[in-house]
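Using the hints, position chain B against chain A.
Each chain is listed here by its residues.
There are 2 protein chains.
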Amino acid sequence: MRKIEIIGLRDFPEVKTGTDLAALIVQHCERTGVEILERDVLVIASKIVSKAEGRIVDLRQVKPSEKALNIASQTGIDPRLVELVLREGEILKVKKELIITLTRHGLVCGNAGIDYSNVDGTGTRVALLPEDPDKTAREVRARIRELTGKNVAVLIVDTCGRPFRRGAVNFVIGLSGLNPFRSYVGKRDRYGYTMTRTAICIADEIAAAAELVMGQGDESIPVAIIRGIEYEICEECTAKDIVMPREQWLFG
Amino acid sequence: MRKIEIIGLRDFPEVKTGTDLAALIVQHCERTGVEILERDVLVIASKIVSKAEGRIVDLRQVKPSEKALNIASQTGIDPRLVELVLREGEILKVKKELIITLTRHGLVCGNAGIDYSNVDGTGTRVALLPEDPDKTAREVRARIRELTGKNVAVLIVDTCGRPFRRGAVNFVIGLSGLNPFRSYVGKRDRYGYTMTRTAICIADEIAAAAELVMGQGDESIPVAIIRGIEYEICEECTAKDIVMPREQWLFG
Numbered sequence: 001m002r003k004i005e006i007i008g009l010r011d012f013p014e015v016k017t018g019t020d021l022a023a024l025i026v027q028h029c030e031r032t033g034v035e036i037l038e039r040d041v042l043v044i045a046s047k048i049v050s051k052a053e054g055r056i057v058d059l060r061q062v063k064p065s066e067k068a069l070n071i072a073s074q075t076g077i078d079p080r081l082v083e084l085v086l087r088e089g090e091i092l093k094v095k096k097e098l099i100i101t102l103t104r105h106g107l108v109c110g111n112a113g114i115d116y117s118n119v120d121g122t123g124t125r126v127a128l129l130p131e132d133p134d135k136t137a138r139e140v141r142a143r144i145r146e147l148t149g150k151n152v153a154v155l156i157v158d159t160c161g162r163p164f165r166r167g168a169v170n171f172v173i174g175l176s177g178l179n180p181f182r183s184y185v186g187k188r189d190r191y192g193y194t195m196t197r198t199a200i201c202i203a204d205e206i207a208a209a210a211e212l213v214m215g216q217g218d219e220s221i222p223v224a225i226i227r228g229i230e231y232e233i234c235e236e237c238t239a240k241d242i243v244m245p246r247e248q249w250l251f252g
Numbered sequence: 253m254r255k256i257e258i259i260g261l262r263d264f265p266e267v268k269t270g271t272d273l274a275a276l277i278v279q280h281c282e283r284t285g286v287e288i289l290e291r292d293v294l295v296i297a298s299k300i301v302s303k304a305e306g307r308i309v310d311l312r313q314v315k316p317s318e319k320a321l322n323i324a325s326q327t328g329i330d331p332r333l334v335e336l337v338l339r340e341g342e343i344l345k346v347k348k349e350l351i352i353t354l355t356r357h358g359l360v361c362g363n364a365g366i367d368y369s370n371v372d373g374t375g376t377r378v379a380l381l382p383e384d385p386d387k388t389a390r391e392v393r394a395r396i397r398e399l400t401g402k403n404v405a406v407l408i409v410d411t412c413g414r415p416f417r418r419g420a421v422n423f424v425i426g427l428s429g430l431n432p433f434r435s436y437v438g439k440r441d442r443y444g445y446t447m448t449r450t451a452i453c454i455a456d457e458i459a460a461a462a463e464l465v466m467g468q469g470d471e472s473i474p475v476a477i478i479r480g481i482e483y484e485i486c487e488e489c490t491a492k493d494i495v496m497p498r499e500q501w502l503f504g
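These protein sequences, in sequence, are chains A and B.
For reference, each letter of the first sequence is one residue, going 1 to 252 in this note's numbering.
For reference, each letter of the second sequence is one residue, going 253 to 504 in this note's numbering.
Next up, chain A with everything else stripped away, as it sits in the complex:
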């Protein structure tokens, strides 16, 4: 058998603006007896990256523009939230209770990924997605190496809905240290047939796998370690590599 483990780091400490995430992860692993190993993939919920980077906004401080007020009345969404959505993403579709946006990361998701949950319980502060999660992934990866001597890959992830399918799943928005694709083009299958087109986005599959332990509720876990995956180390790869260029979109 071939085996992969998904390990969720329970009771992860509170993250505040300025928290050194890599150091916190390393300390928490030491304290809870989880060893970080060479080639582990660390999956980090965008929410704690947003917190560490001070991307929490109090809606009471936001003054909605005319445009935001308009869209708010169409959708029934809080105009202050709409204002933030307009600042954070490009609007693709507007429906009742739903604004579908394209974010600066290339993610197509509701409300530019801005979210009330797991912020502080007030319901008035929201988390914006991290500004540059690829950069953060690179920094966390370098710092983990500095602290532990181990080469790991780092993914920053967020849940998002999909066209044609009900329910959200986890997607990668920041990446460092691994090739997000496993390509079979030119490789042979079990029967010797040479495959012509299959490339699998293992990065999004790892993100999805991690969500299964991370969860979203009161026992949610913001960091998971995925162990035992065969992947190609890639120094220059980013989550942007997963984004389909807009001119190739078949649905829009």
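In short, the hints are calculated from the structure, not lab data.
Watch out, some of these pointers could steer you wrong.
To be verified - Selected chain A positions facing chain B (in silico; Cβ < 8 Å):
(1) 34
(2) 100
(3) 191
(4) 251
Stated by the list, open to error - Keeping only pairs whose Cα atoms sit at most 27 Å apart, straight-line, the calculated DSS-like set for lysine-lysine is:
(5) A:16 x B:439
(6) B:492 x B:439
(7) B:348 x A:240
(8) A:93 x A:67
(9) B:492 x B:402
(10) A:187 x B:268
(11) A:150 x B:255
(12) B:255 x B:402
(13) A:95 x A:63
(14) A:95 x B:492
Heads up, the beta-carbon is just placed ideally off N, CA and C, and yes, glycines get one too.
Chain B in isolation, oriented as in the chain A frame:
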């Protein structure tokens, strides 16, 4: 820590028309020392379901219609394959080398999921997707219970591309025994905030996780066991529950 394991069943035997898949899985587990446990999720590649159900077609036996010849000349795809695609799905988009279809299972994917790889190496026989994978999942689940006494959940999966993202990932096309969603609506987050809309499609996340061990190449593994997932047992749930009704599509 919270832990999930993804176990791939290596050296899985050849599947032929009429193979009793559940019995083969149970025998293979016994032979290789993998115990099937209560609440395991068995993930089965659609390819071996297609084989067991005789859904392999020799392209030399297919006579393309006028319509198929037309689309073949537009796309550069083998007219006999196009003919099968027309029989198996509804065409949504036609592009060079690519026909996007809606299958009878509700999956939006290229070429109605018809595939040359891991069939028999000839490159002239292709596998159609299983006819009714929800039914197959129910049957396999019942038979596993009969043979082992264990209650498991069963997913039948296939890789498929996505809008807006590069690379394919695994999706569920047949399901039995588990609620495909984990809903947080009305539940509280870590900070006591009551969540209003998040439902996660854990079934597709489990499928994606399984692909990481299954792979597509010469060491591909058609069956994986996912162990340690918290899920709600559901007798009547199917993969159709994941399909977004067409009138709700925002992109089309």
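Going through the hints against the structure:
1. The interface hint given for residue 34 of chain A holds, since its Cβ lies 6 Å from the closest Cβ of chain B, which is under the 8 Å cut-off.
2. At about 6 Å, the closest approach between the beta carbon of residue 100 of chain A and any beta carbon in chain B falls short of 8 Å, and the interface hint on this residue holds.
3. A cut of 8 Å between beta carbons decides the hint on residue 191 of chain A: the least distance to chain B is about 3 Å, and the hint holds.
4. A least Cβ separation of about 4 Å between residue 251 of chain A and chain B falls short of the 8 Å threshold, and the interface hint therefore holds.
5. A distance of roughly 24 Å separates the Cα atoms of residue 16 of chain A and residue 439 of chain B; the hinted pair therefore holds under the 27 Å criterion.
6. Among the hinted pairs, residue 492 of chain B with residue 439 of chain B is consistent with the structure: their alpha-carbon atoms are about 25 Å apart, no more than 27 Å.
7. The suggested pairing of residue 348 of chain B with residue 240 of chain A holds, with an alpha-carbon distance near 25 Å, which does not exceed 27 Å.
8. Distance hint between residue 93 of chain A and residue 67 of chain A is fulfilled; the C-alpha atoms sit about 15 Å from each other, no more than 27 Å.
9. The straight-line distance between the Cα atoms of residue 492 of chain B and residue 402 of chain B is roughly 25 Å, inside the 27 Å bound, and the hint therefore holds.
10. Restraint check: the Cα-Cα separation between residue 187 of chain A and residue 268 of chain B comes to about 24 Å, which is no more than 27 Å; the hinted pair holds.
11. A threshold of 27 Å between alpha carbons decides the hint, and for residue 150 of chain A with residue 255 of chain B the separation of about 21 Å falls inside it, so the pair holds.
12. Using a Cα cut-off of 27 Å, the hinted pair residue 255 of chain B and residue 402 of chain B holds, with the two alpha carbons roughly 21 Å apart.
13. With a C-alpha separation of about 22 Å, the suggested pairing of residue 95 of chain A with residue 63 of chain A holds against the 27 Å cut-off.
14. A hinted pair counts as satisfied when its Cα atoms are at most 27 Å apart, and residue 95 of chain A with residue 492 of chain B qualifies at roughly 24 Å.
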